[in-house]
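*Asks:* Here is how the chains run, residue by residue.
Protein chains: 2
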Amino acid sequence: MARALIFDLDGTLIDTVYAHVFAWQRALAEAGLPIEGWRIHRRIGMSGGLFTRAVARELGRPLSDTEVEEIQRRHGELFRELVPERRPLPGAVDLLAHLGEAEVPFGIATSGRRPEIDASLEVLGVGADVVVVERGDVLRAKPEPDLFLACQERMGVHIRDVTVVGDAVWDLLAARRAGMLSVGLLTGGYGEDELARAGAFRVYRDPAELNASLDELGIVP
Amino acid sequence: MARALIFDLDGTLIDTVYAHVFAWQRALAEAGLPIEGWRIHRRIGMSGGLFTRAVARELGRPLSDTEVEEIQRRHGELFRELVPERRPLPGAVDLLAHLGEAEVPFGIATSGRRPEIDASLEVLGVGADVVVVERGDVLRAKPEPDLFLACQERMGVHIRDVTVVGDAVWDLLAARRAGMLSVGLLTGGYGEDELARAGAFRVYRDPAELNASLDELGIVP
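Protein sequence lines, in the order shown, are assigned to chains A and B. 1 is the number of the first residue of the first sequence in our numbering; add one for each residue after it. 222 is the number of the first residue of the second sequence in our numbering; add one for each residue after it.
Simulated from the structure, these hints should not be mistaken for lab results. One should not assume that every hint holds.
[To be verified] A few chain A residues that face chain B, going by a derived Cβ cut-off under 7 Å, partial list only:
| hint | residue |
| --- | --- |
| 1 | V21 |
| 2 | F22 |
| 3 | T187 |
| 4 | G189 |
| 5 | E194 |
[Said to hold, decoys possible] Partial list, derived from the structure: chain A residues whose beta carbon lies under 8 Å from chain B:
| hint | residue |
| --- | --- |
| 6 | Y18 |
| 7 | G32 |
| 8 | G37 |
| 9 | W38 |
| 10 | H41 |
We treat Cβ as the ideally placed atom computed from N, Cα and C, and that holds for glycine.
Let's have the full structure, built from the sequences with the hints guiding it.
*Replies:* And the structure:
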């Protein structure tokens, strides 16, 4: 049984974190929920619904389901306006191609939703043969372990053989709860210590550095 | 001689870091210099010229002075479009008012420029009696110590009596080189360990928490 990798998508393979922060900040301010950029940043990667409710609770203003949906819709709209094209992070396309050629199984597990994630998958060259688990496939998004567990099951690999790759503490927390190893990438704008303390076995700058360091993870393609 | 405080502005008193990241990313991409959000984020707080040249060097494409100026101009334009109004960080207005009433001397030292910073100073209630040193007042911006030293001289306080308050490692590095104590705020999106390792004596969440913790710094208003 080969070792397997499960990747987060936004901020791990595609450079979208800062655009998400900015779009959330605008959508929330428009809804009368002004909140600081850094607090949004540290929550990116959670499910959008969980995130919106957490912000509202913090500001002491409970939201109805309709309001939560409207804020999420507006965030999506602003995000598409701000970032018409997706940009893979350095080395992301090469890393996935490399794993494919070496027959190291990998999948993608994201708190994002189809069809919003489709452009990202396309620009990464992720074909129909790759297992992709998205928000709509599970009941609970990160930091619950459901996305990673669903991905691992569909890939047909053992939990103990999986290493999760993510840029946010929510990925690392969800991986731990799923009983999986994890590594962190700095591409989401967290500091190295934050990722290590959240359970990352190693921290790399970006997918390019991870690609050059696979043997440090016991993966020898 | 009372203890004195010198504040950074963007990211420390005003919530502008994520809008700056996004505006820089767009301005640089338009100039054919695509670069990841997290790399921009970790350089915010440097002078714009230094920053633009650093990015260009990293991408292996040297820039002429005219190009550097044009990218800076475009960044300013996008920034004003994206953030028409400045939002003080939680507790910032109260903190400055509190220091003023208690007659604790304070000043502001920023890598930003007039007239771009004027709206921020106004929303913070910073009057003409407060020493404000901006990019145009010194030869070299952060991480050089010039901004903090010029501010301290104009305030007429001793270096050993100054505590610098900043959100970026560049503030903390410049403070160290100026021989000043420093504290960090999480409002710029750095992790606590990054700020502590760069020399911050304490790290607070935001200006509100700093305001409630002045006695931890030996400042008893």
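*Asks:* Is the shortest C-beta separation between A:G37 and chain B less than 8 Å?
*Replies:* With a closest approach of 4 Å, the A:G37 hint holds.
*Asks:* Do the numbers back the hint for A:V21, that is, is its least Cβ distance to chain B under 7 Å?
*Replies:* Because about 5 Å separates A:V21 from the closest Cβ in chain B, which is inside the 7 Å limit, the hint holds.
*Asks:* Identify whether the interface hint at A:G189 stands, where standing means a beta carbon of chain B within less than 7 Å of its own.
*Replies:* For A:G189, the interface hint holds, since the closest Cβ of chain B sits about 4 Å away, which is under 7 Å.
*Asks:* Could you check if A:Y18 really has its C-beta closer than 8 Å to a C-beta on chain B?
*Replies:* 4 Å, holds
*Asks:* Please verify that hint: A:W38, Cβ, nearest Cβ of chain B, below 8 Å or not.
*Replies:* 4 Å, holds
*Asks:* Is the interface hint for A:H41 satisfied, with its Cβ closer than 8 Å to some Cβ of chain B?
*Replies:* 5 Å, holds
*Asks:* Go through the hint on A:G32 and say holds or violated, using the shortest Cβ distance to chain B against 8 Å.
*Replies:* Given a least distance of 14 Å, the restraint on A:G32 is violated.
*Asks:* The hint names A:E194 as touching chain B; please verify it with the least Cβ-Cβ distance against 7 Å.
*Replies:* 4 Å, holds
*Asks:* Given A:T187 as an interface hint, is the shortest Cβ-Cβ distance to chain B below 7 Å?
*Replies:* 5 Å, holds
*Asks:* Taking the least C-beta to C-beta distance, is A:F22 closer than 7 Å to chain B?
*Replies:* 5 Å, holds
Against the hints set out earlier in the document, a violation occurs for number 7 only.
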